[in-house]
Structure formats: C-alpha cells, structure tokens
Amino acid sequence: MTDQHKLHPLAMLLFFFKIIKNSIWLVISGAIFIGSFDINELLPDQLQASPVMFVSLFLLVIIIVFGFISWLKWQRLRYMIHPDALQITQGIIVRHDRTIKTKNIHSMNVNQHIFHQVFNLANLKIETAGSDVNVDGELKAIDFELARRLKYQFTNDLPLDDVTAFAAPHRLEDDKEDWRSSIYRLLAAGATTGRIGTLLAIAFVLPTELSSYLPADIYQASELWVLKQSIVVWVILVTLYLIFMIAIGVVSFMLKYGQFTLRREGDYLIVKHGLIEKKETQLHINRIQAITFKQNLFRMPFGWYGCYVDFAGGEFDAKAEGRLLLYPLLRRREVTPFLKQWLPEYDLEDMALERTESISYFYRMIRFSLLVLIPSSIFFFFYVRWWLILTIASLLFVRAGCYYFEYRLKGYATRGAVLRLEYLYRFSRCLTLVKRKHMLELNRIETPVMKKLQVCHLKFAVMNNFVGQHFNYRWISESQMNKLTDWFHKKNNER
Amino acid sequence: MRQPPKHQLAKAAITVWRLSGIITFIILMVMAGALTYIAYRFEWPWFIGTIAISLTLLEAMLHILIIPTIRYKRFRYEILDEEIYIQRGLLIVTRTLVPMTRIQHVDTKQGPILKKYNLMTVTISTAATTHEIPALPSEVADQLRNDIAVRARVIDDD
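Residue numbers (the working numbering), protein chains in the order written: chain D, 389 to 883; chain Y, 10 to 167.
Since the hints were derived computationally from the structure, they do not count as laboratory data.
Mixed in with the good hints, there may be bad ones.
[Claimed, not checked] Computed list of lysine-lysine pairs in DSSO-like fashion (alpha-carbon distance at most 27 Å, straight line): (1) K839(D) <-> K15(Y); (2) K118(Y) <-> K840(D); (3) K823(D) <-> K878(D); (4) K728(D) <-> K825(D); (5) K489(D) <-> K667(D); (6) K847(D) <-> K124(Y); (7) K667(D) <-> K491(D); (8) K489(D) <-> K394(D); (9) K825(D) <-> K491(D); (10) K489(D) <-> K660(D); (11) K409(D) <-> K666(D); (12) K20(Y) <-> K118(Y); (13) K840(D) <-> K124(Y); (14) K682(D) <-> K666(D); (15) K406(D) <-> K660(D); (16) K15(Y) <-> K124(Y); (17) K660(D) <-> K644(D); (18) K825(D) <-> K15(Y); (19) K15(Y) <-> K878(D); (20) K394(D) <-> K728(D); (21) K682(D) <-> K825(D); (22) K871(D) <-> K15(Y); (23) K644(D) <-> K616(D); (24) K871(D) <-> K847(D); (25) K15(Y) <-> K847(D); (26) K823(D) <-> K491(D); (27) K82(Y) <-> K839(D).
One chain only, chain D, in its complex shape (with noise of 0.2 Å):
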C-alpha cells in the first residue's frame, strides 16, 4: 500500500495559521507603514481613498496570498505508508523527500487540537533522535483512527502499512491498569502549582500599576469608594481578589492538564492530557533519564509531589525545561506504589538515606553570620535600635531553621545502578532518580576551605532534548563522594 495520501484539507488553516503566526510582526509593521504613508501622492486622482481602505486592501492581499501558500503546501505534500517507513515528499519549489525508518523513530505522538476534534481528525508527530522538528516528520491533519493505528503499528513492531491487523482493543492484554487523575487531584495541583506564586507576585503588583492605565476620574472615584468601606468588606475584597488569581492558574492548568492520564503500552509510557488541545506523548523507557520528584514551597505542607522525566531525544520545549510531566500530584505514601507500577527498575522501596555531613551546614552558617553581622555591626556603631537588632537575630534564626531543615531532608542513597537523592533546589524539595548509565559525568568539586573542612559539592550531567541536564547536589563529604565515585566506577563491570 505504497499509494500517495494528502492531508486533510483542514492542514491547510494549520498551515494557514503558522504562516500568521510566524509572520505577525511582518504584516503589523507593514500594515502600519502603508497606514503611515501617503501612498495618495503617487496615485493618479480617480483611485485616491483614505489610509483604511488602503490598509484592508494590504491585509488583503496578505491574506490572499498566505492563503495560496497554504493551499500549495497542503496540495504538495505527500505521504506514503511503507511497510517499515513512512515517506513524506514536500516543499513548494524544493521538494523535500524524506523517508523515515521506524527503527529510527523514537516515539510517535497523536495530538488533537480543538479544530482536529471537530473533524475527528489528529496531529502526527514523529520523532527521531534529532531535536529539530524541521528534521522530525509531522503529519498536520490525518484522520484520528489512522494515526492511531499508525502508532499502533508502530508501537507493537507491525508492519506500519498492515492496516488490517489493527484490533479494537488498544491495550495489550498484560497492560496494568491506566492511571487517571481525578478532578479533585488535579485542582489540588493546579492551586498549588509554582504558578501560583507568579499570580500572586502579578496581583500584588497590580493595584499599583493601575493608576498609570485607568483613566484619573475612574480611578479616583473607585478610589474613594474603596476608603468609604469597613474593614469587613475590605477583608472580602481582597479574599475575592486573590481567590479569582488563583482561579486563574487552576483554570489555565485544567485546560493544559484535565482528563491526565498515565498509560504503558508495551516498552512506552503514554501521556495524555488537554481539555481544549488533546496532547498524546509517547515515551519509550529506555529514553527516560532521570526521574525527579518535586515538591514546590506550596505542596511542602501536604506532602505532594508533582514527576517529572529528563529524557534524551525529541522537540526541546523551552517552557518545561525540556522535562516531560509524568504525573501531576502524588501523595508521599503513593510514590513508591507509582514507581513499583510504572518504572519498576527504579523502585525505592527500603532504600535507607544517608544524611550529609553536618559540619558543612556549621561552616554554612557562620559564613552567612558574618556576611550580615559585620556590616551591620559596622552600621549599628553609627544607629542602633532595638527592632533592627531583633530584625538582625531573627534573620539569623530562620536562616539556621532553613539549614535545620535542609540537613534533616538532604540525602542519598545507593541500590545497584540506581542513585536516589533528595534535596533542595530553588525552595522545592526533590527526589531524584538517576541510573549510573545515564550519568555522563561525575564532578567534585572544592574550594580551599572546603578542602580543609573535608567536604566537597557533586555534579553531574544526564543527556536530554537540549544541553543536557545538570544536577548539584552540595556539600557532601568527601568520604561519602569516595563511596560514590567507587559506586560509579563500577559500572563497567556490570553494563
């Protein structure tokens, strides 16, 4: 069935919409130049008009003229199933053809957009090892059943032209069971997502930037109606306030995230997720990284954790840092059930954690200590009052809690391949996953004062989409990173 197939003819408005998309700033200036222009100067006197006409007659044209392009790239492109390659042949002057070898695909994804769902149709993406879409194939609009059982095919080491083989039931029979986020699950996480801090941090600045946009007798007279009120309704005000900020964010992270699902198909994990925008990931196991566990500054006091994946290979997402959300909201007690479930070989199960070294946090603190008491001793010889002595100790009470804290949480922890470490990166607390073999690199490194103390920081890199992931894990001892270089060494031993 090597026969030649279009897309639908809906890949023409996607095709359409890009070229806007891509070209938005073009056609803004442009239509503003000929606005700004007068253009009636060079023009004879039956065919003068006012600037408007001669704006929509540019806009026009544009729209025409996008609208042929996207007409020839849809009538161009075509696509052929081979049994064990899919061949796309496009480009409107140059033709590009190119055949992609399913044992070079790493995944395949099936993504429905609000127009694809209208017409029951789906967006093919198919990924190799490259992080270039341009490289990568995608098939704009085909029909959802097909590119189902492509993926099926494709998935399960078919023939991807052997359509008839296709059954009804997607699953494989030894299939455990999907994982569905209930609504409930993902409204607590989408209210505590990092998000929200950036809502927040918005609606506090707000009020103070409204001044500047509101008209002055708006502004004033809303301004007086504020100061007449009591404290009661102030206090409703602001609750109302703040309450429709984070509505914002849930809303917005149920439109990205609703109906989650968590499926493994074969040696693939399947992702998928979207209220409007239907997005199917495909990961194969072996793609997968690391495995991190993280717990924003809001999720801490429930104990929640969002996983994510670090994997190698694929389109570089700049949004998501080139991780790939696996499961939006764990309790602590369902992690290890997750793992055993999903990603067996990483399981922690009894994995007892060794605790670094406190010295560090003492050398840590007295660092810090003295940064703030001797400037401030210094400025307290010139002003000196009460408070900022208590505002001074306290500052050092709660850095000491921090580090308190930090000690109590930090560790890690060896079993075979797998490395398990816990820490604090940027006010979240993390459980990282790594296997030796995806570990590129091993660092250590040490200042003079930490070579005395006998402590050192580790680092080191696993591959992804982009430049690689890079994790620190600070402040450990050296004895502990001898055990840890040890345990790395022995990798090739045991491939």
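Go by the hints and put chain Y onto chain D.
Okay, now just chain Y, sitting in the frame of chain D:
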C-alpha cells in the same frame, strides 16, 4: 577521586597562556589609551582614563603573572582504563570523571600560538558536556585522541 590525576600539561603551556595574556593586554591597552585620549580631548572627568588603564593593568597582572602558573599547577589529567580523569580550576578545583562509553567524539585543535610551541588542545565531548585538555605536545595529543577513540569504541562494541 581520592588522588588527583597523574599527568600535567606541557611546561610550555605557561608561556602560551602568558603570550595570549600579553596579546589581550596589548589590545586592551590600545582601547584604554584611545578612551583616555577621547576623555582628554572632550574634557570628560579624568577618572575615566585612570580607571580604564588601571583595570587593564590589573587584568594584565592577573593573566600574565598569576593565573598561568596556578592554572598549570592545578590542571592534571589521566587516561584510566575506562575513564578520563581531569582536574581543573584556580581557586575552585573541579575533578571530573568521564567514562569512555559516554564519549561521543574527540577533537584536537591548534591555534597559531599553540602551533609555534608544537602544542595542541584536545576536546572531549559527551552528549551534554565538553571537556578540554589544553596545551598538550602534538604527538601526545594525537596519541591521546586515537587512544580515546579506540577505547571508547572497544568498550562500546560489546
């Protein structure tokens, strides 16, 4: 990583770094001189020229006199059976262990100054990081590059 790596770079590395320090110094000095002249010509405050020249002198002192020796002392490398072991740094010393199996490619390169002293730089790249062994004698560098390439392949082949 209990002991530092065994081998040091070629002694001429210090001279090479000093030479490149001197070249940078000359370029910076010309720029600082031009700035001082402009400041004088347009009657800008006198401290602009002073700061520019003293910063250049300070930089020269660091890069010509102090840093090359420390860098030479600190930098060490060793090719183990299955790993490459590098130590580098000035105040903050980093020791790196790169397994042969993770190495993607090895490059050697040579600029004009290095060429004059018959030295080469070896660059070792993994999927996410690159490491440099600067200023090795050409023969050693070539040998090392081939050595690493062969070992990396042998281990990979199994």
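Okay, the hints, checked on the actual structure:
no.: 1; hint: K839(D) <-> K15(Y); result: holds, 19 Å
no.: 2; hint: K118(Y) <-> K840(D); result: violated, 37 Å
no.: 3; hint: K823(D) <-> K878(D); result: holds, 12 Å
no.: 4; hint: K728(D) <-> K825(D); result: holds, 20 Å
no.: 5; hint: K489(D) <-> K667(D); result: holds, 24 Å
no.: 6; hint: K847(D) <-> K124(Y); result: violated, 34 Å
no.: 7; hint: K667(D) <-> K491(D); result: holds, 23 Å
no.: 8; hint: K489(D) <-> K394(D); result: holds, 20 Å
no.: 9; hint: K825(D) <-> K491(D); result: holds, 22 Å
no.: 10; hint: K489(D) <-> K660(D); result: holds, 25 Å
no.: 11; hint: K409(D) <-> K666(D); result: holds, 21 Å
no.: 12; hint: K20(Y) <-> K118(Y); result: holds, 18 Å
no.: 13; hint: K840(D) <-> K124(Y); result: violated, 40 Å
no.: 14; hint: K682(D) <-> K666(D); result: holds, 25 Å
no.: 15; hint: K406(D) <-> K660(D); result: holds, 24 Å
no.: 16; hint: K15(Y) <-> K124(Y); result: holds, 25 Å
no.: 17; hint: K660(D) <-> K644(D); result: holds, 10 Å
no.: 18; hint: K825(D) <-> K15(Y); result: holds, 26 Å
no.: 19; hint: K15(Y) <-> K878(D); result: holds, 21 Å
no.: 20; hint: K394(D) <-> K728(D); result: violated, 44 Å
no.: 21; hint: K682(D) <-> K825(D); result: holds, 23 Å
no.: 22; hint: K871(D) <-> K15(Y); result: holds, 21 Å
no.: 23; hint: K644(D) <-> K616(D); result: violated, 41 Å
no.: 24; hint: K871(D) <-> K847(D); result: holds, 15 Å
no.: 25; hint: K15(Y) <-> K847(D); result: holds, 22 Å
no.: 26; hint: K823(D) <-> K491(D); result: holds, 24 Å
no.: 27; hint: K82(Y) <-> K839(D); result: holds, 17 Å
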